[in-house]
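Start from the sequences, fold in the hints, and give me the full structure.
For reference, the chains in residue letters:
There are 2 protein chains.
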Amino acid sequence: MKYNVVFQPSGRRGMVVEGISLLQASRDLGADIEGPCGGTGKCGKCKVKIEEGYFEKYSITSQSSNLLPLTEQEKAVLTPDEQLDHYRLACCAIIQGDVLVFVPEQSSQAKQVILESSRGRSANLNPAVKKYYIEMKKATLDDYRDDYMRLKNALIENYSHLKDEFSVDYKVLLTLPNVLRESGWKVTVTLWNERNVIAVEPGRVEEAYGIAVDIGTTTIAAYLCDLNTGMLLKRDSLMNSQVRYGDDVISRISYCMMNEDGLARLHNLIIEDINKLIERMAEAAHVNCENIYELVLVFNTAMHHITLNIDPRYMGSSPFVSVIREPVDIKARELGIKIAEGGNVHCLPVEAGFVGADNVSVLIAEEPYKQDKMMLLIDIGTNGEINLGNRDCIMSTSCATGPALEGAQIKHGMRAAPGAIEGVKIDRHSFEPECKVIGGGVNSSSQTGYIKGICGSGIIDAVACLFKAGIILPDGSFNKKLDIPRLRRSSEGKMEYVLVWAAETSAGQDITITQKDVRAVQLAKAALYAGAKILMQKRDVNKLDGVVLAGAFGSYINKESALLIGMFPDCALENVIAVGNAAGEGARLALLDKDKRLEAKEAASFVKFVETAAEADFQKHFFEAMYFPHAKDSFPHMQNILDGEEK
Amino acid sequence: MKYNVVFQPSGRRGMVVEGISLLQASRDLGADIEGPCGGTGKCGKCKVKIEEGYFEKYSITSQSSNLLPLTEQEKAVLTPDEQLDHYRLACCAIIQGDVLVFVPEQSSQAKQVILESSRGRSANLNPAVKKYYIEMKKATLDDYRDDYMRLKNALIENYSHLKDEFSVDYKVLLTLPNVLRESGWKVTVTLWNERNVIAVEPGRVEEAYGIAVDIGTTTIAAYLCDLNTGMLLKRDSLMNSQVRYGDDVISRISYCMMNEDGLARLHNLIIEDINKLIERMAEAAHVNCENIYELVLVFNTAMHHITLNIDPRYMGSSPFVSVIREPVDIKARELGIKIAEGGNVHCLPVEAGFVGADNVSVLIAEEPYKQDKMMLLIDIGTNGEINLGNRDCIMSTSCATGPALEGAQIKHGMRAAPGAIEGVKIDRHSFEPECKVIGGGVNSSSQTGYIKGICGSGIIDAVACLFKAGIILPDGSFNKKLDIPRLRRSSEGKMEYVLVWAAETSAGQDITITQKDVRAVQLAKAALYAGAKILMQKRDVNKLDGVVLAGAFGSYINKESALLIGMFPDCALENVIAVGNAAGEGARLALLDKDKRLEAKEAASFVKFVETAAEADFQKHFFEAMYFPHAKDSFPHMQNILDGEEK
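Same order as they appear, the protein sequences are chains F and Y. Using UniProt numbering, you'd call the opening residue of the first sequence number 1 and step up by one each time. Using UniProt numbering, you'd call the opening residue of the second sequence number 1 and step up by one each time.
Hints may contain errors.
Copies of the same chain are indistinguishable here, so a pair counts whether it falls within one copy or spans any two.
[What the hints assert, rightly or not] Derived BS3-like pairs: lysine-lysine, alpha-carbon spacing no greater than 27 Å straight-line: (1) 138 <-> 608; (2) 601 <-> 138; (3) 137 <-> 601; (4) 543 <-> 620.
Quick caveat, the hints were computed from the structure, so don't treat them as lab data.
Here it is as structure tokens:
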């Protein structure tokens with residue numbers, strides 16, 4: 001016998017067999033009631049209310065008596081008032097007839113899930129990929145519907161919110177007849193956007209995963225997420241294998257232009273990198289790659305084109321035009337990406353020029369367009385993106401920062417991995433440093449041989465502290481007048497500061513900050529500062545209400561150090577925030593909530609792109625910003641920091 | 001300078017450059033005015049009327065004077081009244097301003113095109129594939145739209161009936177940047193269903209072709225069509241390479257079940273066959289395969305599944321269920337079919353059981369559902385399909401006919417190709433035959449060594465004439481009492497009739513009709529007759545208003561012979577019609593007119609499938625029908641034929 005069960009307020013409804021619990025029914029129908037105790041009736045989290053009466057809308061008569069009587073377990077958990085009000089525990093209440101069930105907010109899994117976020121922003125869990133369990137009658141001579149129609153009919157009969165507008169992935173169609181029969185006509189259908197059948201698996205398969213990938217010029221960061229809970233299961237990163245063909249986007253584009261198979265080679269490298277990350281994370285999280293149904297990719301425009309195998313050459317010269325900016329959905333298999341065969345790859349839209357989907361992703365993570373405050377939003381990478389604005393208008397630009405702030409092209413630079421110095425302090429009197437090492441302690445001397453190098457956040461810290469201690473002068477040169485053991489000339493005769501003596505390093509070599517390293521940081525921060533300055537001029541803004549520092553660093557950047565070296569115009573330190581990889585977080589949000597994809601599309605057209613490097617006074621701003629913190633601009637809030645330390 | 005030009009009644013409109021003719025403008029805007037003389041002003045077929053006045057709907061002021069004055073050519077062709085009424089020849093009238101043009105029915109190419117058809121039915125030329133020429137402004141620093149958006153905008157600006165709901169094929173997207181720039185931003189965009197960008201070619205490319213393919217169990221017939229004119233450019237056929245793995249659908253399905261790589265092997269064979277036909281026809285018609293944008297496929301359900309690489313095993317046993325019946329559109333490249341890279345393959349919907357898309361195709365070609373008369377519609381093939389009905393109801397069934405009627409499994413059988421006997425007459429007094437040979441004359445004796453074998457229509461003719469002459473008895477056995485030179489015993493001691501003596505054959509061997517050949521024809525015609533009989537019983541029909549004989553024969557079947565051997569229940573000969581390959585014709589109609597695809601979908605659900613072989617008295621009907629013309633049923637109209645001949 002089958003009965004009609006309706007869950008409110010979600011409206012999920014369908015026919016379920018007699019004898020199963022409301023909790024089971026809610027899962028079958030996708031109404032998602034909480035059940036953390038595993039349906040033992042102990043936690044009381046699956047409390048629901050049975051609505052009594054005839055409900056014309058659904059043509060059903062719902063009665064409490066359409067369920068088996070209250071169990072002892074329920075009597076123990078529910079208050080007498082709740083019992084009178086027809087409250088039940090969904091895991092204990094066994095279906096015997098039609099029922100209309102009201103699921104209170106606190107019992108619903110569909111409530112707002114607070115996704116793990118550096119900012120604590122909330123987002124709905126509403127992925128494009130959803131799974132639906134169905135049972136079908138097997139085919140008979142009287143019911144000779146074709147397999148696909150049988151499947152479509154069962155979806156609609158069991159899940160009333162679905163519409164008969166399905167399409168089926170060709171490769172999935174090929175698996176259909178055997179899967180249906182081998183499973184005894186009980187399968188889990190995976191739908192993309194509630195329309196495209198992208199997988200059909202035998203039996204009940206709840207596992208559904210997705211991956212957000214931030215493809216940077218230097219670093220690729222990936223996030224494996226559970227699409228049922230929104231949980232971040234695993235994060236991993238890789239050096240972009242393309243770095244061997246050039247450090248920045250311009251050199252990558254050049255490589256594509258100068259070599260006949262250049263694009264194919266770079267394209268294949270990035271696909272291999274993505275597959276490596278997928279495989280590594282899936283293994284570590286004990287996830288089957290066949291249960292990964294979607295990837296959301298964000299990247300700058302050059303990486304976007306190369307990843308999609310689109311010729312990026314016309315982006316490399318005036319008028320810097322991209323081939324496609326709108327969001328792109330491609331079958332993973334068309335790109336050679338190894339997830340579920342029918343799986344999808346969603347690329348967030350590109351903005352303009354080099355300002356790519358990664359910046360759009362930063363915007364949907366930080367949502368400056370929903371704020372009144374005048375915010376400066378900097379995404380630090382090999383290609384830096386800068387956004388300035390609020391709900392009225394947002395302007396954005398990109399600048400060539402170089403890979404220094406990611407620890408690349410720095411003498412002892414490395415990516416943020418165990419053994420990397422991620423934080424530095426230097427005593428202003430003894431000039432002795434104190435390093436914080438990833439995977440190690442603060443006091444490096446006890447960690448003999450452990451230290452391997454310095455990552456992006458460590459570089460910024462080190463340069464800021466060297467400047468603060470007077471070891472580096474405002475123009476970026478070492479203070480040759482200082483006579484301290486750590487300040488010396490290298491074998492090439494260039495000045496350098498020894499951050500860690502050989503005895504404490506894994507390579508048995510001193511780790512130093514060289515003059516060249518300092519210059520690389522100067523160039524990077526000057527580009528960011530100049531870009532921000534021009535946007536502020538265009539927008540006629542003198543004072544920032546806040547600054548957000550984002551970047552695909554392993555560690556958060558030290559905002560005090562960033563202000564000290566003058567990476568951005570002056571701002572009260574309490575209004576500066578470092579958020580980590582905002583582009584990756586935006587990608588994750590778009591993976592978990594498909595409405596964020598619409599928001600991305602809107603954001604990409606809302607934001608106004610400015611080609612700052614083409615501005616007449618860009619060079620002037622750039623050179624002035626080469627100084628620590630700046631040749632001309634004043635930094636009242638920096639003085640506060642210095643004064644504070646003096647006290 | 002650009003001007004607004006509007007064509008009525010089609011409503012096509014857009015901006016065109018000054019100085020081009022109305023004919024050119026009509027082509028650019030897809031309004032399709034006739035121009036058979038090549039625009040020389042001679043034929044007068046491109047006569048159009050200029051509407052004068054202000055047209056608010058289009059915000060234009062149209063004047064005759066917005067065209068250069070009447071040319072001498074026009075004065076010679078147009079009557080004085082026409083000249084006063086602002087008639088012009090579109091090929092002579094040069095645009096100098098906005099104009100609203102009325103295109104009379106006789107000047108419009110968009111009028112009903114009478115597609116080459118055995119029945120003379122008309123159909124609209126309205127293919128799913130259409131081409132649009134656009135010119136774009138090149139990208140500049142001020143106009144840095146991405147390539148794809150630039151293309152979409154140009155489509156909408158130039159062709160107002162298009163909507164901004166485009167999607168672009170991934171592989172086509174990859175070609176976009178280079179094609180746009182190499183062509184100087186002047187390209188032809190090919191749209192599928194006015195939405196999907198399936199090709200972008202440099203410059204003006206008018207060539208657009210499609211192919212209809214009827215994939216039979218034994219024969220594959222293909223039709224190369226010009227999508228601009230509806231013209232059939234080339235037809236070609238092949239023996240289905242799968243025949244080596246079995247003669248009928250059941251043996252093919254068995255092969256897939258019994259061999260692990262069986263499906264893959266049969267699938268690859270059919271794809272190779274299709275590619276061979278495409279290549280051969282394209283070469284013969286001097287057509288570039290890159291300009292073939294769509295294939296429409298029709299087939300029985302088993303061939304449908306195998307062609308699409310779908311496991312057909314469950315169709316082979318009760319309850320005979322297919323995997324998918326609805327129409328399927330697949331990228332040609334996903335199937336390995338070699339046409340334009342973004343090209344589409346459209347499969348007409350399958351009905352039920354073995355009654356496949358080929359029968360649906362026969363229905364849309366013959367349209368019995370639009371008629372009042374009670375029609376019997378037989379599609380003769382290795383798998384025969386039978387339809388009975390009219391606009392009230394149509395019932396259909398399939399029967400295992402075997403390949404005999406296609407000339408296969410007949411001792412000297414061959415497909416309808418040069419050297420094949422396609423027609424036979426036998427003198428009722430001398431018992432001497434007269435053969436009509438494809439590519440040869442009637443009097444075979446003058447064609448020494450030319451005759452190779454006998455094709456399907458020849459077999460039916462031969463058996464009918466042998467019966468009529470009394471050489472074969474009603475039970476199908478040879479009349480041993482006759483003592484004539486051509487009737488003899490073979491080396492195996494079986495009776496046979498010598499149709500052609502060795503001297504006249506290419507192989508130097510007598511061509512005979514054997515007892516086994518006659519039995520094969522009996523089995524085939526009995527299956528068809530029994531199927532038709534059961535449908536007539538179910539529908540309570542005693543008398544047929546008409547019979548349509550279709551089949552993928554090279555030649556039309558001789559309807560008199562078909563009636564003589566009792567291939568279908570009695571019907572007045574003038575109401576019997578042989579139409580050739582109706583399935584192929586339906587496929588061609590669906591290729592040229594996308595509305596026919598909707599009609600096919602409706603037809604597939606309108607027609608009622610009957611599993612006649614499962615009927616209790618099928619065996620009885622079958623055995624009675626083994627006789628010539630039938631063991632019991634009377635054939636009053638056959639007597640008319642015989643009487644007529646006697647006179």
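Now the hints, each set against the structure:
1. 138 <-> 608: between (57 Å within a copy, 21 Å between copies)
2. 601 <-> 138: between (44 Å within a copy, 25 Å between copies)
3. 137 <-> 601: Classified as between: cross-chain Cα gap 25 Å, same-chain 43 Å, threshold 27 Å.
4. 543 <-> 620: Answer is within; shortest intra-copy Cα gap is 20 Å, inter-copy 98 Å.
In this structure, none of the earlier numbered hints is contradicted; all agree with it.
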